[in-house]
Amino acid sequence: MNIYWFELRANRRSTLGWTLALALLTVFFLAMFPTFANEAEQFKKLLETMPEAVLKAVGVQIDTIASMLGFYSYIFLYISLCGAIQAMGLGLSILSKETREKTADFLLTKPVRRGAVVTAKLLAALTCLLITNAVFVAVASLMASVVKTDDYSIGSFLLVSATLPMIQLIFLALGLAAAMLAPRIRTVLPITLGTVFAFFAIGMIGATEEDGALRYLSPLHYFDRAYIVSHESYETGFLLLSGVIVAVAVAFAYWRYSRRDVHVN
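Each residue of the sequence shown is one higher than the one before, starting from 502 at the first, in the numbering used here.
In case anyone wonders, no lab produced these hints; they're calculated from the structure.
Any given hint could turn out to be false.
In silico DSS-like links for lysine-lysine, alpha-carbon gap of 27 Å or less [stated by the list, open to error]:
1. K557 / K545
2. K545 / K649
3. K546 / K557
4. K649 / K557
5. K546 / K649
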């Protein structure tokens with residue numbers, strides 16, 4: 502438990518920062534909805550002049566963009582992008598910090614199994630993401646109730662919102678695995694931004710293709726907001742794929758951490 506509490510204290514500032522950033526971003530986006538809804542016809546005419554491939558790439562549904570759920574589904578892509586950056590950065594840093602800060606010898610000479618170290622760090626990371634998501638859902642729900650121009654399905658709204666922690670779990674697991682693949686990580690931010698934006702770009706390209714094969718390579722697009730709103734459920738195949746990715750990546754992190762040679766200088 503000492504490692505768990507230590508990691509929580511060590512990550513409290515970054516968690517607070519990301520939580521505030523996501524909350525402010527949500528408030529900023531949703532505050533624009535009343536104006537957008539009042540001028541919906543003009544926006545739709547403007548969108549109709551844009552190429553269909555561009556609209557698909559950025560996740561715009563012309564028929565529903567003027568509704569609360571349609572607008573929220575559109576802005577959620579960029580909220581989830583920020584959430585993915587937070588989660589991957591957390592996963593990378595929390596397992597590589599001792600090597601990066603040259604304190605691995607201090608931690609690993611303690612009478613604690615390496616598996617227990619990973620468990621404590623993973624629980625701390627999950628707690629940080631839980632705090633972020635609890636605040637995000639509360640802020641998003643409150644703002645939606647304030648700016649709405651008509652009734653909407655709260656169930657669909659919460660289902661869309663719940664995809665943020667799912668996406669973050671995937672990128673947290675990928676971050677843990679990536680931390681174990683690299684012998685020594687000096688800076689976390691370039692790897693995090695490069696990976697997340699690469700997945701984002703792949704997803705945008707995949708959205709323009711008819712077969713959608715590239716979608717399997719972009720976790721940011723595993724949860725189709727339009728599908729969730731219309732069916733009030735998730736796509737089973739992508740939900741299972743998400744679980745497999747998380748399980749394999751976390752298992753690899755445990756296996757690799759318990760066997761790797763740790764550099765201390």
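To see whether the hints hold, each was checked on the structure:
1. Between the alpha carbons of K557 and K545 the distance comes to roughly 15 Å, so the proposed pair stays at or under 27 Å and holds.
2. Among the hinted pairs, K545 with K649 is consistent with the structure: their alpha-carbon atoms are about 19 Å apart, no more than 27 Å.
3. This hinted pair checks out: K546 and K557 have alpha carbons roughly 16 Å apart, not beyond 27 Å.
4. Between the alpha carbons of K649 and K557 the distance comes to roughly 25 Å, so the proposed pair stays at or under 27 Å and holds.
5. Simply put, K546 and K649 have alpha-carbon atoms about 22 Å apart, close enough for the 27 Å limit, and the pair holds.
Of the numbered hints stated above, none is contradicted by the structure.
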